[in-house]
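Chemist: Chain by chain, the residues run as shown.
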Amino acid sequence: AQTVTQSQPEMSVQEAETVTLSCTYDTSESDYYLFWYKQPPSRQMILVIRQEAYKQQNATENRFSVNFQKAAKSFSLKISDSQLGDAAMYFCAYRSEGETSGSRLTFGEGTQLTVNP
Amino acid sequence: NAGVTQTPKFQVLKTGQSMTLQCAQDMNHNSMYWYRQDPGMGLRLIYYSASEGTTDKGEVPNGYNVSRLNKREFSLRLESAAPSQTSVYFCASSDDDSSGANVLTFGAGSRLTVL
Numbered sequence: 195a196q197t198v199t200q201s202q203p204e205m206s207v208q209e210a211e212t213v214t215l216s217c218t219y220d221t222s223e224s225d226y227y228l229f230w231y232k233q234p235p236s237r238q239m240i241l242v243i244r245q246e247a248y249k250q251q252n253a254t255e256n257r258f259s260v261n262f263q264k265a266a267k268s269f270s271l272k273i274s275d276s277q278l279g280d281a282a283m284y285f286c287a288y289r290s291e292g293e294t295s296g297s298r299l300t301f302g303e304g305t306q307l308t309v310n311p
Numbered sequence: 030n031a032g033v034t035q036t037p038k039f040q041v042l043k044t045g046q047s048m049t050l051q052c053a054q055d056m057n058h059n060s061m062y063w064y065r066q067d068p069g070m071g072l073r074l075i076y077y078s079a080s081e082g083t084t085d086k087g088e089v090p091n092g093y094n095v096s097r098l099n100k101r102e103f104s105l106r107l108e109s110a111a112p113s114q115t116s117v118y119f120c121a122s123s124d125d126d127s128s129g130a131n132v133l134t135f136g137a138g139s140r141l142t143v144l
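Those protein sequence lines, which keep their order, are chains A and B. So for the first sequence, this note's numbering puts the first residue at 195; every next one is plus one. So for the second sequence, this note's numbering puts the first residue at 30; every next one is plus one.
Keep in mind that the hints were calculated from the coordinates and are not lab data. Virtual Cβ for every residue (Gly too), placed ideally from N, Cα, C. Keep in mind that the hints are not guaranteed to be accurate.
[Claimed, not checked] Chain A regions said to be covered by chain B (calculated; three or more residues, Cβ under 8 Å):
1) 241-252
2) 301-310
[Unchecked claim] 25 Å max Cα-Cα, derived DMTMM-like pairs, lysine to aspartate or glutamate:
3) 272(A) / 209(A)
4) 249(A) / 204(A)
5) 267(A) / 88(B)
6) 86(B) / 291(A)
7) 264(A) / 126(B)
When you get a sec, could you build the whole thing from the sequences and use the hints?
Modeler: Below is the structure:
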């Protein structure tokens, strides 16, 4: 079974600075998808960014980018120019490409990000 | 554009009581899911339904039952609630997309407390 580990329960960053959240995963598969979800105090889960394992290029969405290291099974999230609205719990998630039905995700434990003004 | 709607948002139960969490999506998605979120454990899959008429167990199905009433609705039932089922419950849905990622759309969550 796949596992996802987020080793940083809490992180903090100053507004306008850059922060990197870590995620590692364990899998024997070669094709899969990785995601970062954001959960603000409203509890709503919001997709931040996704990465297909077969793509070597790191995904980028505005101020959010990932460092995908397939051999190391590492998938970190970099937030540039941090804003107060980035404060949230961030979850890393894995999905097997081989699933023939549904899209079951395996989540990490989460990292609580605080943005200081 | 409501997306995924869950009810109720909050519920307090006594041990042994039963209740049903309701979930509906208006995106015509085939697949629906129930997750629970506990501190330090992320989200864990309880049950999912890959299509109307089918349901399958996830990682933590014990103590729960589900019903895929139709394509839109997927309910989660606790027959005899236990304090260990105190959690925040999320419903989600997804559909096949061209990238294959099949991104999940989540509801706003339901906080359940079992005394």
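Chemist: Each of the hints needs a verdict: does it hold here or not?
Modeler: Here's how the hints hold up against the structure:
1. Remark: the stretch 241-252 of chain A is confirmed as covered by chain B, as 3 of its residues place a Cβ nearer than 8 Å to a Cβ of that chain, reaching the required three.
2. Evaluation of the coverage hint for the stretch 301-310 of chain A: fulfilled, as 4 residues show C-beta separations to chain B shorter than 8 Å, against a requirement of three.
3. Restraint check for residue 272(A) and residue 209(A): the C-alpha separation of about 14 Å stays at or below 25 Å, so the hint holds.
4. Distance check on the hinted pair: residue 249(A) and residue 204(A) sit about 29 Å apart at the alpha-carbon level, beyond 25 Å; violated.
5. For the suggested pair residue 267(A) and residue 88(B), the alpha carbons sit about 22 Å apart, so the restraint of at most 25 Å is met.
6. At roughly 19 Å between alpha-carbon atoms, residue 86(B) and residue 291(A) fall within 25 Å of each other, so this suggested pair holds.
7. Between the alpha carbons of residue 264(A) and residue 126(B) the distance comes to roughly 23 Å, so the proposed pair stays at or under 25 Å and holds.
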